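Model the placement of chain B with the ligand on the given structure of chain A, informed by the hints.
If you read the protein sequences in the order shown, they are chains A and B. Residue numbers for the first sequence follow my numbering, beginning at 1 and rising by one. Residue numbers for the second sequence follow my numbering, beginning at 1 and rising by one.
Source of the hints: derived by calculation from the structure; they are not laboratory data. Because the structure is a prediction, the values reported are computed rather than measured. Check each hint, because a few of them may be wrong.
Label pairs and their calculated CB-CB ranges [stated by the list, open to error]:
no.	chain 1	residue 1	chain 2	residue 2	range
1	B	D11	A	L160	30 to 38 Å
2	A	A396	B	D130	48 to 56 Å
3	B	G151	A	G258	41 to 49 Å
4	B	R29	A	W273	57 to 65 Å
5	B	D130	A	D218	42 to 50 Å
6	B	D8	A	H130	33 to 41 Å
7	A	A321	B	D19	33 to 41 Å
8	A	S267	B	G151	52 to 60 Å
Here's a subset of chain A near chain B, in silico, CB distances under 10 Å, partners left out [what the hints assert, rightly or not]:
no.	residue
9	Q40
10	A355
11	S367
12	H376
13	V381
With the Cβ distance kept under 10 Å, some of the chain A side facing chain B (calculated, not the full set) [said to hold, decoys possible]:
no.	residue
14	T348
15	E382
16	D403
17	A408
All C-beta atoms in this analysis are idealised placements derived from N, C-alpha and C, irrespective of residue type, glycine included.
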Amino acid sequence: MDGHMAPPLNLEAIRADFPILAEKVRGKPFTFLDSGASAQKPRQVIGAMVRMMETAYANVHRGAYHMSEQATEAYEAARGAVARFLNAGDVREIIFTGSSTNAINLVAHSYGRGVMKPGQAVVISEMEHHANIVPWQMARDAHGLELRVCRITDSGELDLDDLAAKLADGKVGLVAVTHMSNVLGTVTPAAQIARMAHEAGAKVLFDGSQAAVHRRVDVREIDADFYVFTGHKLYGPTGIGVLYAKGALQEAMPPFLGGGDMIAEVSFERSVWAPYPAKFEAGTPPIIEAIGLHAAIDYVTAIGMPAIEAHERALVDRAMARLPQIEGVTLLGRAQDRGGVFAFALDTAHAHDVATLLDRAGIAVRSGRHCAEPLHARFDVESTCRASFGLYTTPAEVDLLADALQQAREFFR
Amino acid sequence: MSGGLFDDLRDLYQEVILDHGRKPRNFKRLDDADRSARGDNPMCGDRMELFLKLAPDGHIQDAAFQGRGCAISMASASLMTDTVRGKTQDQARKMGENFRALAMTGICPDCGGDIAEDMERLAPLSGVHDFPSRVKCATLAWHTLNAALDGGAKEASSE
Ligand SMILES: Cc1ncc(COP(=O)(O)O)c(C=O)c1O
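One chain only, chain A, in its complex shape (with noise of 0.2 Å):
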């Protein structure tokens, strides 16, 4: 993979652009191991939105004045970007959302429910995060759709026997599985799944909240119908999340919700729906999320997508190599493909007092179940702390956390 040869991090620079990791919790430097579940900021992104408050906003397709049109010519840019940094092949299949959650219920609604006939199947797998379970089992229980969940290996690899199996009857309108999971960091061959998914008559979704942060991803390469991520994962702010449709899914999908922008015409007996990507974009849109979301987009771009993929994957390999090591310490899964994100439990402390102590080290791990409870109780543990790396992850911050881990199990002996 190209992701290998790319040339390392400049990480001084790199950390100098995040504020905040130079704060201390503590007294101690932050060692801020959870950019999996949001992650921090660069002055590039603050700075956009700041900017674009202080001399460039108004509200988007509205206005005909010149504050309002420079507001929209932005708030289209940053659909442009997010529509190169996918590979799309046309900016209307980029729509703007509230955030993963919300995109996955878009779906989940407008093509579940709108154009997935009663009696035909989704398919999830037991890797999934909630955001992409619990709105699939309200589409199964609003409009008799069934739901099928695909089996992971024991080592956390998508079972594609198990999926082959559960396309076999051609039942099945819908694939919806992660990119990459957020537990286990297994990362999914996704252009097999959708060839496996085409051939059997079904479109396919990619749960990209994590894939897209940690390697480059092409909608095309892998022919994805739908993909979906969210930009406070990608060193963008909170309240925004993207949509990649293909465009004849689009022109078949009744809206999801009503309101203002999302129509050409209304009148008291009838609306007629804007052309999309509009029609799925009601009311004001995250206007200064997609400002930043765009400035995010130029950070990680501009540092390389493969370089970033390289420098987690060495993260991760040292983790591996280390934590193993560590009397009582066991990892959830060992994929082979995967991105900076691992699972851990240690046998004589439950994960949240792992993390606190941890916590003591100034160390930020997540503990619990990570939204993917299914996922918990597929390999039977009742909870796990999570270590995830973003592109700022530095190698001595792996051995602090395989140090305080080993301090730790002193500790709860």
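What follows is chain B with the ligand alone, placed relative to chain A:
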């Protein structure tokens, strides 16, 4: 040899707590329980089921629990089942109220009188007040106790 890194956490993880967390007392199902309730902190994955045996006059004759959770939640349930045994329901509720205040603020508003000795035993858990995200671990058992005393049909949560 616990490593200097975590020495200041000994206030939170006092030896009593580690001991009760590791070897919880009254950790069993009471087959002849008169009341029971489940407690759940969905975010942390703490889960317990509490069993109460009531005497004819209504006081708590026996208390036991089962479950999985962090050291704090297990120790709290263990200490709670030890201390409410023999108490009237009103005394147990009053202890719970005071314990919640203790866990949140580190100060016990009304810990004298007939519950003084028992509140003393619970005092090691007061260290959680410095750890806002962990307070609910300590209070889960007491929320579950209230649910059991209220009739036990519903699920308790300290979130
Ligand atoms: C894999 C995955 N899917 C979906 C989400 C939901 O993202 P958001 O909360 O921004 O909607 C997350 C993050 O929490 C995630 O990791």
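Structure-based check of all given hints:
1. Checked against the hint of 30 to 38 Å, the C-beta distance between D11/B and L160/A comes to roughly 51 Å, which is inconsistent with it.
2. Here the CB-CB span from A396/A to D130/B is close to 28 Å, at odds with the stated 48 to 56 Å.
3. At roughly 44 Å, the beta-carbon separation of G151/B and G258/A lies within the given 41 to 49 Å, and the hint holds.
4. The given range of 57 to 65 Å is respected by R29/B and W273/A, whose C-beta atoms sit roughly 59 Å from each other.
5. Checked against the hint of 42 to 50 Å, the pair D130/B and D218/A passes, with Cβ atoms roughly 49 Å apart.
6. At roughly 35 Å, the beta-carbon separation of D8/B and H130/A lies within the given 33 to 41 Å, and the hint holds.
7. With their beta carbons about 35 Å apart, A321/A and D19/B fall inside the hinted range of 33 to 41 Å.
8. Checked against the hint of 52 to 60 Å, the C-beta distance between S267/A and G151/B comes to roughly 55 Å, which is consistent with it.
9. Nearest Cβ of chain B to the Cβ of Q40/A: about 20 Å, over the 10 Å cut. The hint is violated.
10. With 10 Å as the threshold, the beta carbon of A355/A comes within range of chain B, its nearest partner Cβ sitting at about 9 Å, so the hint holds.
11. Interface restraint check for S367/A: the shortest CB-CB distance to chain B comes to about 7 Å, inside 10 Å, so the restraint holds.
12. Given hint, H376/A at the interface with chain B, holds; its Cβ is 7 Å from that chain's nearest Cβ, closer than 10 Å.
13. The interface hint given for V381/A is met, as the beta carbon of that residue sits about 9 Å from the closest beta carbon of chain B, less than 10 Å.
14. The interface hint given for T348/A holds, since its Cβ lies 8 Å from the closest Cβ of chain B, which is under the 10 Å cut-off.
15. At a threshold of 10 Å, the smallest CB-CB gap from E382/A to chain B is about 5 Å, leaving the interface hint in force.
16. A cut of 10 Å between beta carbons decides the hint on D403/A: the least distance to chain B is about 8 Å, and the hint holds.
17. At about 7 Å, the closest approach between the beta carbon of A408/A and any beta carbon in chain B falls short of 10 Å, and the interface hint on this residue holds.
Checked against the numbered hints above, the structure violates hints 1, 2, 9; every other hint is satisfied.
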